[in-house]
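Trainee: Each chain is listed here by its residues.
There are 2 protein chains.
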Amino acid sequence: MDVELGQFDSRGGEWLRGEGRRSDIVISSRVRLARNLAGFPFLGRASEVQRQEIVDRLQPCLDHLELAPQTFYVDLEDTDRMLRRFLVERHLISRELESSKGPRAVAFGSDEVAAVMVNEEDHLRLQVIRASLALDETYRLASELDRELERMVEFAASSRFGYLTACPTNVGTGLRASVMMHLPALVHLKQIERVFRSAQRTGLTVRGFYGEGTMASGDLYQISNQITLGKSEESILDSLQRMLPRILEYEDKCRDELSTRGRTKLEDKCHRALAILRAARSLTSEEAMTYLSAVRLGVVMKILTDVALPRVNELFVLTQPAHLQKMEGRALEPDDRDVRRATFVRQTLS
Amino acid sequence: MDVELGQFDSRGGEWLRGEGRRSDIVISSRVRLARNLAGFPFLGRASEVQRQEIVDRLQPCLDHLELAPQTFYVDLEDTDRMLRRFLVERHLISRELESSKGPRAVAFGSDEVAAVMVNEEDHLRLQVIRASLALDETYRLASELDRELERMVEFAASSRFGYLTACPTNVGTGLRASVMMHLPALVHLKQIERVFRSAQRTGLTVRGFYGEGTMASGDLYQISNQITLGKSEESILDSLQRMLPRILEYEDKCRDELSTRGRTKLEDKCHRALAILRAARSLTSEEAMTYLSAVRLGVVMKILTDVALPRVNELFVLTQPAHLQKMEGRALEPDDRDVRRATFVRQTLS
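Residue numbers (the numbering used here), protein chains in the order written: chain A, 3 to 352; chain B, 3 to 352.
Next up, chain A with everything else stripped away, as it sits in the complex (with noise of 0.2 Å):
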């Protein structure tokens, strides 16, 4: 089934209802699993025709796998650039799926919980996205759909290593878990470095709220695992399991921390974010971010009580500039854009 922008919520991913465990400090927590067909040659050595042909062999497939509650089904190479940003800033598609060329689609529930990306780097990955600390059930889920696909394709796969993935590093299980965190007392009292090298001699990695190489605007960090060759799923979840206490716990102590010693400060800072927020006429993408974040802390601090959680989490999706100018209907100038921004926050928060 092909979609269309107004199907999508306007409240923007599942994800984002910012309800479950930890939702404090966890945005959501995200399993995706690297697949090739077997039979088929991995993408690099793909000709334009093959490309074809996994698409046209897989779309079936994605159509009887039922993601809830209706499966959307978008062919990429079809599609204008502004639905595909669209889908990049949803986290449905990533960031290279998008800018690449040739055959390629994206098969997703209307909830947005589980998505279905056809040659990004490899000939399918399943990536399930669920709110809050859930690393567990978004496993279980990604598996359940896993064993479906395994059903209607065979995927290429080694007795020795496991999965065969295009990029060694996903050889194996070819999982990547990662939660999204929002860190901003660690951030504020400059810790923040401390966590990442931490997290790096796990094994873990950090990136932002745009996956690799971008920048980690409004405190937001995703932390996933680095190596999956030669390790079971479960030693996999249970490394990055094991280290997001610590990183929890951190970030509390920091918010204690934040909030006994720099009590005025800290509600100064939230207040007049969202007080900026519901006021500014021209708001830059960065600035909206910052001062979401502040906002963020406020309302689950109950600095600030008259703003729900959702709300938030869902405008740093929502003020993305794809997302900005499809509300709008058409492509906007930057200019334009930090101003319908401003207003669709003014509004959003008002």
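No lab work stands behind these hints, which were simulated from the structure alone. There could be a bad hint or two in this list.
Which copy? The list can't say, so a pair holds if one copy fits it or any two copies do.
[What the hints assert, rightly or not] Listed below are the simulated EDC-like cross-link pairs for lysine to aspartate or glutamate, each with C-alpha atoms no more than 16 Å apart in a straight line:
(1) Lys103 to Asp80
(2) Lys103 to Asp82
(3) Lys267 to Asp337
(4) Lys267 to Glu289
(5) Lys192 to Glu79
(6) Lys267 to Asp338
(7) Lys267 to Glu6
(8) Lys103 to Asp77
(9) Lys304 to Glu335
(10) Lys233 to Asp82
Given chain A, work out where chain B should sit, using these hints.
Mentor: The following block gives chain B in isolation, referenced to the frame of chain A:
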């Protein structure tokens, strides 16, 4: 009659009311006359006893002056520092008179239009300050009070030089006329230095909100005559009044430019400033002046419609440190002052 802190108008002097000619730009017009008593040495050469004699000689005269609607008299030698600072912030005494020692005093009307400092640089300095562009009326009232005083005491004067004063720059008329202007557009478009240079070339001086050597915070500038010797009162007022329309026109032009070419940025700046003033939990004096300036511009340009101009004018004075401490009834550390300032501004502008 002696004065208690509680007797002051909680909205500040009448000159802050923001009504009258060109009150969109001109906060107030001020005239001061420097006079010395015949038969007494200038203060630089006067003994402690002589200084006391001057105070004693002038006090009954000041009581007779009947400043409207009620005359207050403050013996500054007897006063605690907080009241003296409060009077400086009120523009009723100079910083010099505040920090000097020995017998000295001030008398002023409870509407704070007229004030007479005793033993500042000269034995007597009479000041009249009125809202908006009103130099002629202001000078007229100062002259009347000057004549009334001259009926009671003899002023030191020479037929050749006119009134004699401690500093040669005041000899002759002893007149300094000034206007306090709000020039945010000239500052924003980086044209203010040109105005200064141009004013200086015509024998005028530009100073900040609190006189000589103070920073021009809040985009507020006092423009006054430099030279009094060899000029009549009329020609002094005339040279200032010739310059003022040019500054007003230039600020008007810059406001027009901001309003057309950068309308959104201007609206954004004004709305954010008001939002911050209404939300902050801690506010430095400098921040208050900066945001009040943007709000004042927004009010006179009808961008901000739910704030009254007098409230903004008054806050420039009422948010000063001694005023905050007066409200609190005790000395406050800078951090506590910032919190008190934020609370007061929030309440006033809500």
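Trainee: All the hints need checking, so say for each whether the structure fits it.
Mentor: Consistency of the hints with the structure:
In this assembly of identical chains, lysine 103 and aspartate 80 lie within 16 Å of each other by CA distance solely inside one copy; the values are 10 Å within and 85 Å between copies. For the identical chains of this complex, lysine 103 and aspartate 82 are intra-copy neighbours only, at 12 Å inside a copy versus 79 Å across copies, given an alpha-carbon limit of 16 Å. Only between protomers do lysine 267 and aspartate 337 lie at most 16 Å apart by alpha-carbon distance; the minimum there is 10 Å, versus 32 Å within a single protomer. Only between protomers do lysine 267 and glutamate 289 lie at most 16 Å apart by alpha-carbon distance; the minimum there is 15 Å, versus 19 Å within a single protomer.
In this assembly of identical chains, lysine 192 and glutamate 79 lie within 16 Å of each other by CA distance neither inside one copy nor across copies; the values are 44 Å within and 51 Å between. Only between protomers do lysine 267 and aspartate 338 lie at most 16 Å apart by alpha-carbon distance; the minimum there is 12 Å, versus 33 Å within a single protomer. Proximity of lysine 267 to glutamate 6 under the C-alpha cut-off of 16 Å is found in neither arrangement, the shortest distances being 45 Å within a copy and 35 Å between copies. In this assembly of identical chains, lysine 103 and aspartate 77 lie within 16 Å of each other by CA distance solely inside one copy; the values are 12 Å within and 85 Å between copies.
Taking identical chains as interchangeable, the C-alpha atoms of lysine 304 and glutamate 335 are never at most 16 Å apart, the minima being 37 Å within one chain and 28 Å between chains. When the C-alpha separation of lysine 233 and aspartate 82 is checked against a cutoff of 16 Å, the pair qualifies neither within a copy, at 40 Å, nor between copies, at 77 Å.
The structure fails hints 5, 7, 9, 10 (numbered hints given earlier, in ascending order).
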